[in-house]
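Q: Sequence:
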Amino acid sequence: MSDAGDTFDYIVVGGGTAGCIVAARLSEDPTVTVCLVEAGPSDEHEERAGSIRRWAEMLEGEYDRDYRSVEQERGNSFIRQSRLRILGGCSTANTMISWRPLRGDLDEWAAMGVAGWAYETISPYYDRIAAPIAPVDANDQNPYVADAVAAAASALGLPPRATWNDTEFTEGAGFFEIGYDPATNLRSSTSRAYLHGVERANLTIVLEALVDTVILDAWRAVGVRTLVAGEERTLHARREVIISCGAIDSPALLMRSGIGPKPVLDAAGIDVLIELPGVGENLQDHAEGLIVWEARGERSDVCATGWDAGYALRVDEASAVPDISTHIPLHSWAVHAERYGAEIPDNHVSFAPNVAKPRSRGRVWITSSEPDAAPSIDYRAFTDATGRDERMLIEGIRLARRVAEQEPFASHLVREVFPGAHVQSDKELSEVLRATHQTVYHVSCTCRMGADGDPLAVLDSELRVRGASGLRVVDASVLPSLSALNPVGLVMTVAERAVDLIRDAAPAGPTVRHGDVVGIPQ
Numbered sequence: 001m002s003d004a005g006d007t008f009d010y011i012v013v014g015g016g017t018a019g020c021i022v023a024a025r026l027s028e029d030p031t032v033t034v035c036l037v038e039a040g041p042s043d044e045h046e047e048r049a050g051s052i053r054r055w056a057e058m059l060e061g062e063y064d065r066d067y068r069s070v071e072q073e074r075g076n077s078f079i080r081q082s083r084l085r086i087l088g089g090c091s092t093a094n095t096m097i098s099w100r101p102l103r104g105d106l107d108e109w110a111a112m113g114v115a116g117w118a119y120e121t122i123s124p125y126y127d128r129i130a131a132p133i134a135p136v137d138a139n140d141q142n143p144y145v146a147d148a149v150a151a152a153a154s155a156l157g158l159p160p161r162a163t164w165n166d167t168e169f170t171e172g173a174g175f176f177e178i179g180y181d182p183a184t185n186l187r188s189s190t191s192r193a194y195l196h197g198v199e200r201a202n203l204t205i206v207l208e209a210l211v212d213t214v215i216l217d218a219w220r221a222v223g224v225r226t227l228v229a230g231e232e233r234t235l236h237a238r239r240e241v242i243i244s245c246g247a248i249d250s251p252a253l254l255m256r257s258g259i260g261p262k263p264v265l266d267a268a269g270i271d272v273l274i275e276l277p278g279v280g281e282n283l284q285d286h287a288e289g290l291i292v293w294e295a296r297g298e299r300s301d302v303c304a305t306g307w308d309a310g311y312a313l314r315v316d317e318a319s320a321v322p323d324i325s326t327h328i329p330l331h332s333w334a335v336h337a338e339r340y341g342a343e344i345p346d347n348h349v350s351f352a353p354n355v356a357k358p359r360s361r362g363r364v365w366i367t368s369s370e371p372d373a374a375p376s377i378d379y380r381a382f383t384d385a386t387g388r389d390e391r392m393l394i395e396g397i398r399l400a401r402r403v404a405e406q407e408p409f410a411s412h413l414v415r416e417v418f419p420g421a422h423v424q425s426d427k428e429l430s431e432v433l434r435a436t437h438q439t440v441y442h443v444s445c446t447c448r449m450g451a452d453g454d455p456l457a458v459l460d461s462e463l464r465v466r467g468a469s470g471l472r473v474v475d476a477s478v479l480p481s482l483s484a485l486n487p488v489g490l491v492m493t494v495a496e497r498a499v500d501l502i503r504d505a506a507p508a509g510p511t512v513r514h515g516d517v518v519g520i521p522q
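Sequential numbering of the sequence shown, starting at 1, is according to our numbering.
These are calculated hints, taken from the structure and not from any lab test.
Computed spacing ranges between beta-carbons, pair by pair:
#, residue 1, residue 2, range
1, V302, A218, 58 to 68 Å
2, G297, A183, 25 to 35 Å
3, A115, A183, 40 to 50 Å
4, A115, L273, 24 to 34 Å
5, A218, E168, 39 to 49 Å
6, R296, R200, 49 to 59 Å
Every residue gets a Cβ at the ideal spot worked out from N, C-alpha and C, and that includes glycine.
Just need the whole structure built from these sequences, with the hints factored in.
A: Written out as structure tokens, the structure is:
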């Protein structure tokens, strides 16, 4: 017999970007009970997690799993992949650059056989997001960055944009829309927007509890086994278990639970309960290049996050979404360039072009049944058969060089110091850029949705784990393919959509209107 205090209608594993939304929204219905299990502590009194300007202070610290990849054949082998164990997850540490889902991305999902995720269906869920999202306030717009934006629009023929999410687009230059309060610089993490200040008798939040496995009974998820302060505790689910641990840890949890590729589970000493070869496959990430110039004159430190603006554009005429997304950071992330031997002057500026629609596919897998053992990650960066990712990385730098020649930005620059004006050929640029590229922490697609006949689809179109019942995944891992732009807005949209899918599958009973009692702290 289980303790009634450990039995709930729904158990949500992972209090990150998606998990906070799912738990909060499900618990709006007072007739159901919901338990949210988070491996880390609360973020409520962590000032670094509150101020979006301090986002970098959350990386590689006490809350960060700080994962590393295996050695890369064609990419940077020194990337540190941030994964946060704290309520709010990565929404406590990113820059919250948020985009309405792009039609071209969702059309691609439909072409892959995913049903029910068309643009007209999904776009309204973006409007349900309780986390405030707004254009970077005029008081936070750095004048140097504004000059770079103006130069990009002029040099590349891009439409200047004061707003982005109120219309469909494929190209533009401007300050972004981000999740924050301009008056306080408080970030719109999903923990802050959906859970802070919310008290419901039917919502239980269990913190600092690491989930070891999902418990299956005749292929139905009936609960989870957790470790709290080193002691085992079993939580039981009457209706569903929802995994929201992110694109690295969600597939790892499925594998530890006996769901995944047989060779991986056999090697880790785990009994295969449901053989799903796609668990952990299809890993996608936005590879980010870098170009740095020595700068002249003093620059203001005015900003919202320090990564507030940039430009997006198509390179190939047939592209339905941007091929390259370039960020204009106020403070450079040049550790990999310096490791490569670049000498970065104190006064410098940089651009960071992203490969917006990566074709390369990596994987993540476990090598141990221990819940705290780091999974293995292989980005397999720049291994796509046609070399398109490599081509876009190079083109991103060439376009940035064109912007650097355009006023009013050109007057800020002295000389290019990385990759360096002497690095000109595609071969030379590729070698330098692939060795020094950075993640944008957008790992996704490792438990992807897919058509019934797709052997690597982990989930059906309603986010249900194939071969199991009462088990779903809701986070960035479910994306069939990575969005062209920063995915946090899409992940929040997916979470809002997931709540309706879960409710629709529930036994008939009383319902409440969406969003009635969620509180947003002032």
